[in-house]
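Chemist: Respectively, the protein sequence lines represent chains C and D. Here my numbering is used: the first residue of the first sequence is 1, the next is one more, and so on. Here my numbering is used: the first residue of the second sequence is 1, the next is one more, and so on.
What the hints contain is simulated information worked out from the structure, not anything from laboratory work. Using N, Cα and C, we set each Cβ at its ideal position, and we do this for glycine too.
Computed far set for chain D versus chain C, every beta-carbon distance over 12 Å:
| id | residue |
| --- | --- |
| 1 | PHE60 |
| 2 | HIS63 |
| 3 | SER67 |
| 4 | LYS70 |
| 5 | SER71 |
| 6 | LEU195 |
| 7 | ASP198 |
| 8 | GLU201 |
| 9 | ASP206 |
| 10 | PRO220 |
| 11 | ALA227 |
Taking lysine-lysine and the DSSO-like style, the derived pairs with C-alpha atoms no more than 27 Å apart in a straight line are:
| id | chain 1 | residue 1 | chain 2 | residue 2 |
| --- | --- | --- | --- | --- |
| 12 | C | LYS97 | C | LYS188 |
| 13 | D | LYS19 | C | LYS216 |
| 14 | C | LYS39 | D | LYS212 |
| 15 | C | LYS216 | C | LYS246 |
| 16 | D | LYS19 | C | LYS129 |
| 17 | D | LYS70 | D | LYS48 |
| 18 | C | LYS182 | D | LYS48 |
| 19 | C | LYS246 | C | LYS129 |
| 20 | D | LYS212 | C | LYS40 |
| 21 | C | LYS11 | D | LYS70 |
| 22 | C | LYS216 | C | LYS129 |
The chain contents come next:
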Amino acid sequence: MSDFLSVNIPKFTSVFSAIGMFFIVLAVLFAIAGRANGKKARPIALVIFLAPALILLLAGLIIPAIRTFLFSFMNPDSNAWVGFDNYKWMTEDPNVKSIMVNTILWILVVPIFTAALGLLLAIMLDRIKHESIPKSLLFMPMAISFVGASIIFKFVYEYSEPGEAQIGLLSSIVDFLGGTPKDWMLSKPLNTFLLMIIYVWTQMGFGMVILSAAIKAVPADIVEASALDGASGWRLFRNITFPMIKGTFIVVLATGVVGALKVFDIVRTMTGGNFSTNVLANEMYSQVFVQFDQGKGSALAIVLFLLVTPILIYNIRSLRMERSHS
Amino acid sequence: MSNLKIANHNPGRKLFSSKIATVVVWVTTVIWTIPTLGLLVTSFKADKDILNEPWWVSLFNPHFTLSSYKSVFFGGDTESLSNGVLPYFVNSIVITLPATIFPIVIATMAAYALAWIRFRGSDFIFFFIFALQIVPLQMSLIPLLLLFTGGAHIGSVTVFPALGIAGDFAGIWLPHTMFALPLAIYLLHNFIASLPRDLMEAAHVDGANHFKVFRMIVLPLAVPGIAAIAIFQFLWVWNDLLVALTFASGTEEVAPINSKLASLVGQYGSGYTQLSAGAFITIAVPLIVFFSLQRYFVRGLLAGSVK
Numbered sequence: 001m002s003d004f005l006s007v008n009i010p011k012f013t014s015v016f017s018a019i020g021m022f023f024i025v026l027a028v029l030f031a032i033a034g035r036a037n038g039k040k041a042r043p044i045a046l047v048i049f050l051a052p053a054l055i056l057l058l059a060g061l062i063i064p065a066i067r068t069f070l071f072s073f074m075n076p077d078s079n080a081w082v083g084f085d086n087y088k089w090m091t092e093d094p095n096v097k098s099i100m101v102n103t104i105l106w107i108l109v110v111p112i113f114t115a116a117l118g119l120l121l122a123i124m125l126d127r128i129k130h131e132s133i134p135k136s137l138l139f140m141p142m143a144i145s146f147v148g149a150s151i152i153f154k155f156v157y158e159y160s161e162p163g164e165a166q167i168g169l170l171s172s173i174v175d176f177l178g179g180t181p182k183d184w185m186l187s188k189p190l191n192t193f194l195l196m197i198i199y200v201w202t203q204m205g206f207g208m209v210i211l212s213a214a215i216k217a218v219p220a221d222i223v224e225a226s227a228l229d230g231a232s233g234w235r236l237f238r239n240i241t242f243p244m245i246k247g248t249f250i251v252v253l254a255t256g257v258v259g260a261l262k263v264f265d266i267v268r269t270m271t272g273g274n275f276s277t278n279v280l281a282n283e284m285y286s287q288v289f290v291q292f293d294q295g296k297g298s299a300l301a302i303v304l305f306l307l308v309t310p311i312l313i314y315n316i317r318s319l320r321m322e323r324s325h326s
Numbered sequence: 001m002s003n004l005k006i007a008n009h010n011p012g013r014k015l016f017s018s019k020i021a022t023v024v025v026w027v028t029t030v031i032w033t034i035p036t037l038g039l040l041v042t043s044f045k046a047d048k049d050i051l052n053e054p055w056w057v058s059l060f061n062p063h064f065t066l067s068s069y070k071s072v073f074f075g076g077d078t079e080s081l082s083n084g085v086l087p088y089f090v091n092s093i094v095i096t097l098p099a100t101i102f103p104i105v106i107a108t109m110a111a112y113a114l115a116w117i118r119f120r121g122s123d124f125i126f127f128f129i130f131a132l133q134i135v136p137l138q139m140s141l142i143p144l145l146l147l148f149t150g151g152a153h154i155g156s157v158t159v160f161p162a163l164g165i166a167g168d169f170a171g172i173w174l175p176h177t178m179f180a181l182p183l184a185i186y187l188l189h190n191f192i193a194s195l196p197r198d199l200m201e202a203a204h205v206d207g208a209n210h211f212k213v214f215r216m217i218v219l220p221l222a223v224p225g226i227a228a229i230a231i232f233q234f235l236w237v238w239n240d241l242l243v244a245l246t247f248a249s250g251t252e253e254v255a256p257i258n259s260k261l262a263s264l265v266g267q268y269g270s271g272y273t274q275l276s277a278g279a280f281i282t283i284a285v286p287l288i289v290f291f292s293l294q295r296y297f298v299r300g301l302l303a304g305s306v307k
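Go ahead and model the full structure; you've got the sequences and the hints to work with.
Modeler: So this is what it looks like as structure tokens:
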């Protein structure tokens, strides 16, 4: 116990002194800058309020992104130019081909399932009594880390040799239905889809909750009016409700695409990218921190960035429209 | 509320009958909850029972024990976890608190500046920060790590010294703070920009400067928004793996519990008690936060996604 204290008390003092220092610096800055009067007051306030964020963004995101772009044309140690070699490697290496195929599968399958399932449940939740209990249980996995979720599903996908007890739920169900359980994580291409289930399991609640809010926000009189006009069931949904929540549905899809593209934790924890389950984000990490090749890693990061740019442009466009309307 | 009334009075509106909906929702809920339940039950089983008996059988044949938790938390028999997960648990707290507070404070200030201090280029900066939101972390990992370990140079001139914080707590707080800013500034801007203009103008007429307006008016009114985003950031940092693997070495001194858990996965057989109890200890904190502050959590989610 005393060992524990001697190790951990310094940790906590470092936290509290860091937080304390942070607020003291802020308070001093506010006090000094707050005394400025007249013409200089506004620019000084602007600098104090905005500069910390801008400096951190510049040092932490913008400059590093530019350097990553440059590194992608350099050798593993980033000290000599190699032209397009790293990109050429991507088009030639058979492993990278399988990684690309998997990544594309992820961004096609995962967002559609997450959004469709979320929408279906959101519609149904609107119809039932006591919706808060199922809603929070369906939403709960969002609070669990991908690593935690992976371990939860490691037990679901567990496989034992024939003759031993199957302690995995999936193996037991297959066994019960008369099938033969197998080592699921080794069976391609099924394993990639089993990993996707973990992702959908954690993220479906996100789509469900925001779509549910959007459905509730559809004005009642519009629904009432079209119901009086004889619209019902599917037609009412297709012509009235869905167009009004379409924006939210696209947000859910786009979030799914970005999330699926960056999926790293699940693949790393479940298979380490082996057995043909590798994806871009995991390969990027492996290239940099296992192979120590910053060039290839950077080039993979650039591909990741290029894949999100369509969504980036779409987001900026819709924010522009939204702002010009208000 | 009125929505609900119409649904009840007008069966024609329904896409699904409420009976089918009830059944589907509850069946899905059960399916969705079973995996977590399985882990919870497994974590209370004795080491030798885990592999011999499925957890759903154990439910009806209970001989549960807290031994896994005891050995995982405080350490004991196994080599991979001689001191238990407690040090890593402490690290997680030590990492998460500043990595939540710093970006939220800095983002609130920036959001205020972008919303209420008029200056040229304000719109451009806002759009730029908004765009940064979905730029993958992977774009900055390598250069940022190099900056921490080696500083920045142009040619042979050092423009920025090595920070020497790689592998230190500060070396994890800083990247988390940087990476959190775009989303936090965007969400807080939405929130702060919607505060009533009259209030700000009245304060300025009364002679309050921006610092006073920020402290006395904006902060108190923005508390619900700040709380929602802080909960998000807290969960994000607690659950993060990529930043932890990149910027914290895997050691007991700094590694957070989530990354330790990920490293335990490689071990088979006897590792199962550690894995199940360790996983539950790791997810307990986010689950407690989630269930006790769900209202704020949902509000934060909606602020970002629904106009």
